[in-house]
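Engineer: Once you have looked at the hints, place chain D on chain X.
These protein sequences, in sequence, are chains X and D.
Each residue of the first sequence is one higher than the one before, counting from 363 in this note's numbering.
Each residue of the second sequence is one higher than the one before, counting from 182 in this note's numbering.
Think of the hints as simulated: they come from the structure by calculation, not from any bench.
Take these hints with a grain of salt, some might be off.
Sample of chain X residues with no beta-carbon within 10 Å of chain D, all distances over it, derived [as the list claims (entries may be wrong)]:
#1 LEU388
#2 THR400
#3 PHE404
#4 ARG407
#5 LEU433
#6 ASP437
#7 VAL466
#8 ALA467
#9 SER469
#10 ILE474
#11 GLY488
#12 GLN491
#13 HIS492
#14 VAL509
#15 VAL521
Label-pair distances were calculated between CB atoms; the ranges are [unchecked claim]:
#16 D:GLY342 to X:HIS465: 20 to 28 Å
#17 X:ASP498 to D:LEU266: 41 to 49 Å
#18 D:ASN345 to X:ASN436: 31 to 39 Å
We put the beta carbon where it would ideally sit given N, CA and C, even for glycine.
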Amino acid sequence: MLTLGIKASMGGSTPENCEVEVVANLKDIRETNVVMLTVASFLFRISVLIYFSSDDATRGHFARVNNVDPLEMNDQAFFDAIRECGNICCGTLNRELARVYPHVAMSTPNIIERECVNHLESLNVGHLQHFRATTDSDKPFYVTLCVRDYADIDFEWAVAEDTTAAGEMEFF
Amino acid sequence: MVDADDAKAEAQRLLEELDALQQERRELRGSSESERVEMQAQMVRLQQDAHPGALEQLERSQRAGATALDNSKALSGEIVALLDLVKTFERWHADMNELVIHNRAMHEKNDEFASIVKYMIIVTLNASIEAARAGASGRGFAVVADEMRNLAARAESLSEGYRNSLHQNDLITTTTFQDLQAGGKMIIGSLAGLNLINNKIKDELTS
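Next up, chain X with everything else stripped away, as it sits in the complex (with noise of 0.2 Å):
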């Protein structure tokens, strides 16, 4: 699921270009600050959190993606292209979610320091996930999964026909 919305929000015109891996750790994480956004059900909350710094590299990709000359792309700009893509990762997965779960709901992005998510850990965390995204963009792109279980959650789920991602994923 989360994988379809990383591909979704930050792959572009061309989604099928972006692969996604797991990362074991988050030393491998440089970057400055994160959008996080969160969806939540009666059983769970899930948070996803995508890094991010205001650098020419990262400027110039979202600027690609929202078709934006990059030199145009002021910090506003820039900040709500950042949200719009959480917004987008965090709505696909929701959409998903409410295809098991009738009853979900997904938050406002909310921009914080990276250093907050060294205190992921200290949340009662259920399950921890790191990726990196890799796009056509210079430098690639990392996203955590959190998530927050308080009942026994196990579904199956598989891509539907009508999404542009193939495969199957199980979450818990």
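Structural biologist: Same frame as chain X, now just chain D:
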């Protein structure tokens, strides 16, 4: 050839047979009529027995329908009132925003404190160097400078710990805020669904 006596006898026999048939027909008609009357009487009795039960059933059904409609209207009112929960969520949202702004202000104060502590460390280092240059006469000053450097190092450590706590606070605040926000949307969505179902029931009961 048939003679006249035989013909008369045959005619007599046929007349008698006709009388018998007519008699039989009259008897049958009488019997059918009495059966019809009996059946009618039985129907009236059945109607008399069944009618009060059916009426009672109908009345009960009408009363149940009216109660269900009243309950559905009451439920509708409760759901509409509960949908005002969105205002509570907005209030939480505003409070959480206040908390985030407050955290940011604390970050700024701590950054300023860390900057002062860094400057203090440089000053105490310079003081130690100056004390060393002064030789024996600067020994007392060197002790004070060392003590000040230790205090600055402790203040730096404290500032770093405080910075970590603020980051943890940011994370806890953000996750709590987002859970409230998403949970609020989920509850409002569920209530809207309930309202829709209840409206359908109400429409069905009033139609």
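Engineer: With reference to the structure, classify each hint as holding or not holding.
Structural biologist: Here is how each hint holds up against the structure:
Against chain D, the non-interface label of X:LEU388 holds: every CB pair exceeds 10 Å, the least being about 13 Å. Listed as outside the interface, X:THR400 is inconsistent with that label: its C-beta sits roughly 4 Å from the nearest C-beta of chain D, within the 10 Å cut-off. Listed as a non-interface residue, X:PHE404 fails to keep its Cβ farther than 10 Å from every Cβ of chain D; the least gap is roughly 8 Å. With a least CB separation of 5 Å from chain D, X:ARG407 falls inside the 10 Å interface cut-off, contrary to its annotation.
For X:LEU433, the requirement that its beta carbon stay farther than 10 Å from each beta carbon of chain D is met, with the minimum near 30 Å. A cut-off of 10 Å between C-beta atoms confirms that X:ASP437 is not in contact with chain D; the least separation is 17 Å. Separation of X:VAL466 from chain D is inadequate, the least Cβ-Cβ distance of about 6 Å not exceeding the 10 Å criterion. Residue-level check failed: X:ALA467 sits 4 Å from the nearest beta carbon of chain D, not beyond 10 Å.
Separation of X:SER469 from chain D is inadequate, the least Cβ-Cβ distance of about 4 Å not exceeding the 10 Å criterion. The beta carbon of X:ILE474 sits about 5 Å from the closest Cβ of chain D, which is not more than 10 Å, so the claim that it is off the interface is violated. For X:GLY488, the shortest C-beta to C-beta distance to chain D comes to about 14 Å, beyond the 10 Å cut-off, and the non-interface label holds. Every CB of chain D lies more than 10 Å from the CB of X:GLN491, the least distance being 17 Å, so the non-interface label holds.
Every C-beta of chain D lies more than 10 Å from that of X:HIS492, the closest at about 16 Å, which supports listing it as non-interface. For X:VAL509, the condition that its CB be more than 10 Å from all CB atoms of chain D holds, with the nearest at approximately 12 Å. Non-interface call for X:VAL521 relative to chain D: holds, since the shortest CB-CB distance, roughly 24 Å, exceeds 10 Å. Taking the beta carbon of each, D:GLY342 and X:HIS465 are about 40 Å apart, not inside 20 to 28 Å as hinted.
The supplied range of 41 to 49 Å is met by X:ASP498 and D:LEU266, whose beta-carbon atoms lie about 45 Å from each other. Between D:ASN345 and X:ASN436 the Cβ separation comes to about 32 Å, which falls inside the hinted range of 31 to 39 Å.
Against the hints set out earlier in the document, violations occur for numbers 2, 3, 4, 7, 8, 9, 10, 16.
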